[in-house]
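Asks: Sequence:
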Amino acid sequence: MTYRGIFSSLLSHKLYSSDEKKWVVELEKHHCYWYDLVVNPKEVADYFDTRKLIVDKLMKIKEEVDSHLEKRFIYFICSREKVRFNVKRKPSYNFFTGQVKIHILIGAAKKRKKIKCTFVDINTGKVFRPGISLTEKFITLKDANGYLTTYPIHDFLDNTDINLGIDSRVEYVGYTKNPHTRPTNGAHTGLSDVLHEVAEENRDCLIYFNVFKVTTHSKNAAHGINFYFANAMSNEVDVDLEGKILEKCFIFYFDSVNQSRNKEIEWQELEKNLLKLAQKNKIKAINIHYEFKEVNDYGIFSSSRVPASERHFFTVRRGAAGVEILNGQ
Numbered sequence: 070m071t072y073r074g075i076f077s078s079l080l081s082h083k084l085y086s087s088d089e090k091k092w093v094v095e096l097e098k099h100h101c102y103w104y105d106l107v108v109n110p111k112e113v114a115d116y117f118d119t120r121k122l123i124v125d126k127l128m129k130i131k132e133e134v135d136s137h138l139e140k141r142f143i144y145f146i147c148s149r150e151k152v153r154f155n156v157k158r159k160p161s162y163n164f165f166t167g168q169v170k171i172h173i174l175i176g177a178a179k180k181r182k183k184i185k186c187t188f189v190d191i192n193t194g195k196v197f198r199p200g201i202s203l204t205e206k207f208i209t210l211k212d213a214n215g216y217l218t219t220y221p222i223h224d225f226l227d228n229t230d231i232n233l234g235i236d237s238r239v240e241y242v243g244y245t246k247n248p249h250t251r252p253t254n255g256a257h258t259g260l261s262d263v264l265h266e267v268a269e270e271n272r273d274c275l276i277y278f279n280v281f282k283v284t285t286h287s288k289n290a291a292h293g294i295n296f297y298f299a300n301a302m303s304n305e306v307d308v309d310l311e312g313k314i315l316e317k318c319f320i321f322y323f324d325s326v327n328q329s330r331n332k333e334i335e336w337q338e339l340e341k342n343l344l345k346l347a348q349k350n351k352i353k354a355i356n357i358h359y360e361f362k363e364v365n366d367y368g369i370f371s372s373s374r375v376p377a378s379e380r381h382f383f384t385v386r387r388g389a390a391g392v393e394i395l396n397g398q
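The numbers in this note's numbering rise by one with no breaks, and the one at position 155 of the sequence shown is 224.
Derived by calculation from the structure, the hints in this document are not laboratory data.
As the structure is a prediction and not an experimental result, all values here were calculated from the model.
Even glycine gets a Cβ: it sits at the ideal position worked out from N, Cα and C.
Please note: incorrect hints may appear among the correct ones.
Label-pair distances were calculated between CB atoms; the ranges are [unchecked claim]:
(1) Arg198 - Asp307: 24 to 34 Å
(2) Leu217 - Thr250: 23 to 33 Å
(3) Val364 - Asn289: 30 to 40 Å
(4) Ile75 - Thr219: 38 to 48 Å
(5) Lys179 - His265: 17 to 27 Å
(6) Asn289 - Lys180: 54 to 64 Å
(7) Lys129 - Lys362: 15 to 25 Å
(8) Lys170 - Val364: 20 to 30 Å
(9) Glu132 - Asp212: 30 to 40 Å
(10) Gly194 - Leu80: 18 to 28 Å
(11) Lys211 - Asp309: 44 to 54 Å
(12) Ile75 - Ser202: 49 to 59 Å
Once the Cα atoms are required to be at most 30 Å apart in a straight line, the calculated DSSO-like pairs of lysine-lysine come out as [unchecked claim]:
(13) Lys206 - Lys121
(14) Lys159 - Lys170
(15) Lys90 - Lys332
(16) Lys211 - Lys170
(17) Lys159 - Lys180
Could you build all of it, start to finish, from the sequences and the hints given here?
Replies: Set out below in structure tokens:
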């Protein structure tokens, strides 16, 4: 059961329907995975299928979203500078600081870098020295009870908040109802294009799935009334159109050179939908704020047009000359 549109009756309020409005769009939740884990699902072990783990996780996220307020997922196919564990250098432990030093290699040139981590036993809360085994892509930790936990290198760096000064370059933006199939199943032209480019540049490919909270704001100065409606609660704009509009806003904000196919058609579609919002719903602007609550390297985004930043704030509207995208407004 979904609760989308549960407060649709509020839309008939005359003071609300007659006012000019704007959308305020904020990130609600996100999930990211390394596409290599889908392409090479048995690299850890024959009995350990990373593709299945990713698909199952995405299906669970979809079920959670659908059971509350149905929404579409806006996904970013990103490339990042390649990082690997340096298996030629063993991790070392400092008895004075309790830190473990791990060696990694960055980029096609395999630039050497040392990272330091402190491991804490979840049961005792005390710092301990785990057993560590490495491959280029995975780290396996053994706790005091002999329990093994394996992390892909990107998950390990993300979870431990280790910053290397690397950002995620947005190569392609899309939207989907079913994140476990699109673009995860690989039958996706945009993904194929990006994977080819990533292979040429010797970079890693990560896919971010985003769910957004879209709130409609209106201000009736004459009566001193402000309205704030979550679009998912009112369903003033249906779920598919909401998803398509957000997708196009991000496509043309990041404006990746790798997403040039069908750009003219997509621009026309955005212009048409902005006009529809303005005429039917009196929604004249879309203010988008994209930022993670807790930021590390994996929450910093760039594109071929947009410089790297942890905060992307922009407005999309239909002006006299057509669609306008205003940065920082």
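Asks: All the hints need checking, so say for each whether the structure fits it.
Replies: Results of checking the hints against the structure:
1. Arg198 - Asp307: 24 to 34 Å: 55 Å Cβ-Cβ, so the 24 to 34 Å window is violated.
2. Leu217 - Thr250: 23 to 33 Å: Holds, at about 31 Å.
3. Val364 - Asn289: 30 to 40 Å: holds, 37 Å
4. Ile75 - Thr219: 38 to 48 Å: holds, 42 Å
5. Lys179 - His265: 17 to 27 Å: holds, 22 Å
6. Asn289 - Lys180: 54 to 64 Å: holds, 58 Å
7. Lys129 - Lys362: 15 to 25 Å: For Lys129 and Lys362 the Cβ distance comes to about 21 Å; the hint holds.
8. Lys170 - Val364: 20 to 30 Å: Holds: the Cβ-Cβ distance is about 25 Å, inside 20 to 30 Å.
9. Glu132 - Asp212: 30 to 40 Å: Check passed, 31 Å falls within 30 to 40 Å.
10. Gly194 - Leu80: 18 to 28 Å: violated, 52 Å
11. Lys211 - Asp309: 44 to 54 Å: Holds - the Cβ-Cβ distance for Lys211 and Asp309, about 48 Å, lies within 44 to 54 Å.
12. Ile75 - Ser202: 49 to 59 Å: Roughly 51 Å apart at Cβ, these two residues keep to the hinted range, so it holds.
13. Lys206 - Lys121: Judged against 30 Å, a Cα distance of about 18 Å means the pair holds.
14. Lys159 - Lys170: Answer holds: Lys159 to Lys170 is near 9 Å, not above 30 Å.
15. Lys90 - Lys332: holds, 28 Å
16. Lys211 - Lys170: The hint holds at about 16 Å.
17. Lys159 - Lys180: Holds. Lys159 to Lys180 sits at ~17 Å (cutoff 30 Å).
Consistency with the previously given hints fails for numbers 1 and 10, ordered from lowest to highest.
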